[in-house]
Amino acid sequence: RKEVEQDPGPFNVPEGATVAFNCTYSNSASQSFFWYRQDCRKEPKLLMSVYSSGNEDGRFTAQLNRASQYISLLIRDSKLSDSATYLCVVNRGGGFKTIFGAGTRLFVKA
Amino acid sequence: DGGITQSPKYLFRKEGQNVTLSCEQNLNHDAMYWYRQDPGQGLRLIYYSQIVNDFQKGDIAEGYSVSREKKESFPLTVTSAQKNPTAFYLCASSIGGTSGGARGELFFGEGSRLTVL
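Keeping their order, the protein sequence lines are chains A and B.
If you're matching positions, the first sequence starts at 1275 in this note's numbering and goes up one per residue.
If you're matching positions, the second sequence starts at 19 in this note's numbering and goes up one per residue.
Hints in this document: simulated from the structure, not taken from any laboratory.
Every residue gets a Cβ at the ideal spot worked out from N, C-alpha and C, and that includes glycine.
Fair warning: there could be bad hints in the mix.
Computed beta-carbon distance windows for the label pairs [what the hints assert, rightly or not]:
(1) B:S91 <-> A:S1327: 32 to 42 angstroms
(2) B:A99 <-> A:E1289: 47 to 57 angstroms
(3) B:K88 <-> A:G1290: 28 to 38 angstroms
(4) A:L1320 <-> B:S91: 15 to 25 angstroms
(5) A:K1353 <-> B:E128: 18 to 28 angstroms
(6) B:E128 <-> A:N1329: 25 to 35 angstroms
Please build the complete structure, drawing on both the sequences and the hints.
See the structure below:
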């Protein structure tokens, strides 16, 4: 079993739709959590950190459930430019203990 | 602007050849990393370095070598011993080695795409 698991998708949604991704992690010692965005053939870039209290950045909302060991990302009012792969990332303390999920692909269509 | 620069972006290699991928950062970060990404898989850690003149093997170090002679530079050599070297290679850095800085946030270069012919 992978330490960080995501539904690979693809998710195909129309512009303006709301879409949600989930991610589960297996190591209860995990300390910090992130969502990264990766465009096709580009490097990953930090989208947002994830906190137990939940956090929001514009159209994006991230949530962490430590008891169930899952992380979610909600995108409201999807834009064409949101089309990308979203990586769930879990850190167990120290940059070298960062584990990446394989990513969820999102396609937003006009 | 601070950042991480990788070169070359695209590289073709014949079987049996060693190649070296360059990674330079001007973020003044202590820690640097090399990852490999294959289609449908998450990033996998090849090597990491938390401080100058020290580096450690990651999960898939076989067939690779690194050096860390300067804080700014962390080159990766893909040797002929690497059985399946065709992949997208990403260099990253973070503020602190053990703390990871900012709760583990990594900053990436644009990547180097290696193809073995």
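Outcome of the hint check:
At roughly 40 angstroms, the beta carbons of S91 of chain B and S1327 of chain A sit within the given window of 32 to 42 angstroms. Against the hinted window of 47 to 57 angstroms, the Cβ-Cβ separation of A99 of chain B and E1289 of chain A comes to about 49 angstroms, which satisfies the hint. K88 of chain B and G1290 of chain A have their C-beta atoms about 49 angstroms apart, which leaves the hinted 28 to 38 angstroms range violated. Between L1320 of chain A and S91 of chain B the beta carbon distance is about 23 angstroms. The supplied range of 15 to 25 angstroms therefore holds.
Between K1353 of chain A and E128 of chain B the beta carbons are some 23 angstroms apart, a value that agrees with the proposed interval 18 to 28 angstroms. Range check, E128 of chain B to N1329 of chain A: Cβ separation about 28 angstroms, and the 25 to 35 angstroms hint holds.
Comparing the model with each numbered hint stated earlier shows that hint 3 is the single one that does not hold.
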